[in-house]
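Q: Protein chains in written order, with this note's numbering: chain L, 1 to 324; chain U, 1 to 508.
Honestly, the hints are just simulated from the structure, not real lab data. Since the structure is predicted, the reported quantities are computational estimates derived from the model, not experimental observations. We treat Cβ as the ideally placed atom computed from N, Cα and C, and that holds for glycine. Check each hint, because a few of them may be wrong.
Sample of chain L residues with no beta-carbon within 12 Å of chain U, all distances over it, derived [claimed, not checked]:
hint, residue
1, Ala119
2, Ala181
3, Arg207
Taking beta-carbon pairs under 10 Å as the criterion, some of the chain L residues facing chain U (in silico) [said to hold, decoys possible]:
hint, residue
4, Pro29
5, Gly33
6, Ser35
7, Asn39
8, Tyr189
9, Ser193
10, Asn194
11, Ala197
12, Asn204
13, Ile257
14, Lys261
Where chain L lies over chain U, by a calculated footprint (3+ residues, C-beta under 8 Å) [unchecked claim]:
hint, region
15, 187–197
16, 370–384
17, 466–474
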Amino acid sequence: MNKSKHFSWEAMLCVVLIASLALGRGLSPDFLGASNFSNLLADFTEIALMALPMTLIIVAAEIDLSVASVMGMSSALMGVLWHMGLPMPAVIVTCLVAGTLAGLFNGVVIVKFALPSLAVTIGTMALFRGCAYLLLGDQAIADFPGNYTLFGISNVGDSFIPQPFVIVIIAAILFTVLLQATPFGRSLYAIGSNQTAAHFSGINVARTKLRLFVLSGFMSALAGVIYTLRFSSARGDNGEGFELSVVAAVLFGGVSIFGGKGSLVGVLLSLVIIGVLKNALTLSDVSSEVLTIVTGLLLLSSVLVPNLLARWRESRQRRALAAA
Amino acid sequence: MTTPATPPRLELRHASKRFGEVRALIDASLTLRRGEVHALLGENGAGKSTLVKILAGVHQPDGGELLVDGQPCRFARPSAAIAAGIAVIYQEPTLFPDLSIAENIYMGRQPLDRIGRIRYDVMEQAVEEMLVSLGVQLKAAQLVRGLSIADQQVVEIAKALSLNANVLIMDEPTAALSKPEVERLFAIAERLRDAGVAILFITHRLEEVFRLTQRITIMRDGAAVHFAATSEMDHDSIVAKMVGRDLATYYPKVDVVPGEVALSVNKLTRRGVFKNISFDVRRGEIVALAGLVGAGRSEVARAIFGIDPVDGGEVLVQGKRLQLGKPALAVNAGLALVPEDRRQQGLALDLPIARNASLTVLARLGRHGLISANTERQLAAHWGGKLKLKAHTMDVAAGTLSGGNQQKVVLGKWLATNPHVLIIDEPTRGIDVGAKAEVYQTLTDLVQAGMAVLMISSELPEVLGMADRVLVMCEGRITADIPRSEANEERIMAAALGQAEQPLRRAA
Ligand SMILES: Nc1ncnc2c1ncn2[C@@H]1O[C@H](COP(=O)(O)OP(=O)(O)OP(=O)(O)O)[C@@H](O)[C@H]1O
Ligand SMILES: [Mg+2]
């Protein structure tokens with residue numbers, strides 16, 4: 001998939017990961033401790049859940065900026081439904097269905113009217129966030145039943161793996177298989193690379209895109225449910241701004257914003273790196289502004305570094321040939 | 001004007017160029033003089049386009065030297081080549097569709113008045129004069145959108161002339177043109193040649209070489225292997241130099257007894273595009289759809305395949321009615337469409353060959369719904385081998401292949417579906433004589449194995465050489481249905497131009 005055999009973005013991410021682990025260790029002695037590690041893992045649950053479908057969407061040369069708003073909407077809905085007295089399982093299922101419908105709405109508008117997903121999901125980003133506020137106003141609902149909130153904060157047995165993280169692992173495996181080894185996943189690369197040729201090849205482009213956005217809606221709602229349980233708090237502004245972190249993680253993972261290129265392995269590595277860096281900086285009491293700056297720098301470097309490397313390689317090659 | 005003492009306008013000596021591990025050029029040389037049309041010939045992947053891109057400043061050679069008017073010179077970027085008077089016209093014109101012809105020609109250097117406003121009147125008048133001098137019926141204020149490829153090429157030529165180019169390089173300009181359009185282009189080229197312009201002309205149609213050019217450079221595997229005056233060469237000697245061997249029979253047409261009807265098209269109509277199109281294609285039969293570019297042939301093919309909508313009519317495949325408008329259903333029913341524009345419609349250029357080859361069979365390729373990269377590679381290698389695809393590995397991006405090899409990937413990806421009916425739109429556009437012979441051989445093998453082939457083609461020799469039956473379209477209607485034994489150039493051209501001949505024999 002990579003432009004060159006001599007250089008793989010995934011390999012570079014591994015190096016960056018080791019460097020950031022070392023940095024974390026240097027900044028704080030607690031860094032590699034088990035309890036901190038489970039914090040670290042728990043913290044990227046939601047971003048990871050949304051980054052998985054986002055990877056597929058960006059490979060297909062589309063984008064979904066409404067993910068964090070769907071997440072907020074499902075969180076708010078969860079609070080409202082719980083207060084209406086619905087049993088918890090029904091609350092969760094309804095939230096997931098609502099998120100899926102939100103994704104379906106995105107998909108239908110994009111596919112039926114042949115509109116760019118960037119424009120449509122900027123619109124629905126505001127729309128769904130508005131719905132979230134409409135549902136809950138600026139109040140928070142925190143009285144969820146204990147056995148559910150416990151799921152959000154406890155670990156698997158005696159290990160350092162938080163329970164919500166198990167969902168991330170399962171989802172990551174499913175999405176990897178989906179993208180790399182199924183006809184659906186393969187057709188995403190074709191669509192992202194040349195939509196017309198994909199259409200001429202008998203690939204149902206419209207249906208594929210529709211499914212992507214439905215999938216994204218479902219996963220965002222799932223992220224909203226887990227986030228609500230983890231913090232035991234349903235709020236309309238939950239997850240505000242997460243869409244940027246999600247897109248940043250996907251691009252830093254080596255997925256081309258122009259579509260057609262990228263792998264989930266890269267995105268998973270990039271998620272871990274971002275999680276590690278965030279955690280290390282938080283431990284050393286660095287302000288949240290610095291965190292934002294670091295995310296921005298990562299994003300920039302993911303676009304710049306491959307470009308610079310390609311230029312450097314070309315000039316080196318030319319020099320070698322000139323010398324020969 | 002040209003005396004023996006003047007150095008050639010352009011000279012390339014022993015140029016080499018690598019792309020990673022691919023050696024596109026090894027030892028390319030070319031001498032281009034004023035007032036000549038020079039043919040650059042070679043098989044697909046011989047390095048012609050790479051040589052052109054070096055002359056255009058798009059690529060920088062790794063070795064060798066370039067002389068312009070006898071002076072050593074190096075083009076670091078395209079603007080340097082333009083400044084040296086070299087203009088390149090690529091096969092796909094690169095114009096702005098929503099601007100007028102005049103704006104396109106003067107893009108970036110519009111004449112201004114004192115306060116910096118564009119002088120449209122000056123611009124359009126200059127362009128108008130230029131278009132008249134080229135002898136074409138175009139208006140300066142006309143939008144480029146909607147112009148045929150031939151007209152767009154003329155606009156590109158006008159742009160080159162307005163830049164005072166005196167070297168004009170045309171990379172396969174005639175590949176997408178119909179016969180009258182080719183003639184018009186040649187008339188323009190001859191006029192420019194007589195005015196002292198040096199023209200480099202790339203084509204895979206050898207009859208055009210004899211019609212237009214004075215000298216020939218033949219390339220093989222990245223090296224220039226033969227220089228000669230056109231008058232010293234004939235068809236067979238050129239082919240032998242290009243391919244490095246003698247080519248056996250060119251059209252390996254065999255007689256097969258047509259089987260049952262595989263594709264039946266009934267009164268297919270799309271308002272304003274084509275009307276009441278009816279014909280059958282039987283197993284073992286090659287039916288050619290001839291006509292001028294723009295007669296609606298590709299549109300019919302796309303409608304049958306479900307890409308374009310229709311207003312009426314029906315299509316039967318193997319006797320079963322096909323629900324129109326869904327390419328996926330057409331594929332399942334056993335239809336395959338090799339589209340006319342392989343870069344836009346046929347290939348995902350950034351993806352590896354293997355990924356392209358598997359696109360049409362994704363659903364069938366998997367085991368338990370899962371696909372492995374190895375199966376894909378094997379599939380691509382299988383068809384690549386059959387079609388003699390020239391590629392380093394199956395993992396290189398399809399976009400780096402030469403034009404003819406890209407065509408083979410598209411063909412292979414469709415043959416992989418094992419279709420009952422193959423619709424192939426301009427099967428040999430842009431591919432070399434050797435590859436053409438291979439494509440013809442493949443088609444012959446396929447019909448012998450019982451496939452039905454509908455071949456859209458603007459190349460009359462190909463139509464006459466390969467088709468069992470020729471349908472001719474003119475302005476959205478079928479105007480003739482000619483059996484092989486009665487087909488000849490005059491009858492096809494007459495029907496293509498809509499000149500009534502004997503009463504139409506309807507396809508049953
Ligand atoms: N950007 C590139 N990267 C890698 N390989 C390339 C690139 N451009 C060309 N090549 C390779 O260089 C060789 C020469 O290609 P080129 O396009 O010059 O052939 P050509 O003579 O124009 O063929 P055709 O008649 O099919 O157009 C081919 O093997 C091609 O795959
Ligand atoms: Mg070429």
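Q: Holds or violated: Ser35 of chain L as interface residue toward chain U, Cβ cutoff 10 Å?
A: 39 Å, violated
Q: Grab the minimum beta-carbon distance between Ala181 of chain L and chain U and tell me whether it stays above 12 Å.
A: It is violated; Ala181 of chain L is separated from chain U by about 4 Å at its closest Cβ, not greater than 12 Å.
Q: Would the stated hint for Tyr189 of chain L survive a check requiring a Cβ distance to chain U of less than 10 Å?
A: Hint on Tyr189 of chain L: holds, closest Cβ of chain U at ~6 Å, below 10 Å.
Q: Let's test the interface hint: is any C-beta of chain U closer than 10 Å to that of Asn194 of chain L?
A: 4 Å, holds
Q: Please confirm whether Ala119 of chain L is truly not at the interface, meaning its C-beta sits more than 12 Å away from all C-beta atoms of chain U.
A: The assertion about Ala119 of chain L holds, with a minimum of 20 Å to chain U.
Q: In terms of beta carbon proximity below 8 Å, does the region 187–197 of chain U have 3 or more residues touching chain L?
A: violated (count 0)
Q: Would the hint on Asn204 of chain L be counted as holding, given a Cβ-Cβ threshold of 10 Å to chain U?
A: This interface hint holds because 5 Å falls under the 10 Å limit.
Q: Would the stated hint for Ile257 of chain L survive a check requiring a Cβ distance to chain U of less than 10 Å?
A: 13 Å, violated
Q: The region 370–384 of chain U covered by chain L? Criterion: 3 or more residues, Cβ-Cβ distance below 8 Å.
A: holds (count 3)
Q: Per the CB criterion, is Ser193 of chain L less than 10 Å away from chain U?
A: Result: holds, 4 Å to nearest chain U Cβ.
Q: Do three or more residues of the region 466–474 of chain U come closer than 8 Å to chain L, measuring C-beta to C-beta?
A: violated (count 0)
Q: Regarding the assertion that Arg207 of chain L does not contact chain U, is the least Cβ-Cβ distance greater than 12 Å?
A: With a cut-off of 12 Å, Arg207 of chain L comes too close to chain U, as the shortest Cβ separation is near 9 Å.
When the structure is compared with the earlier hints, violations turn up for hints 2, 3, 4, 5, 6, 7, 13, 15, 17 and for no others.
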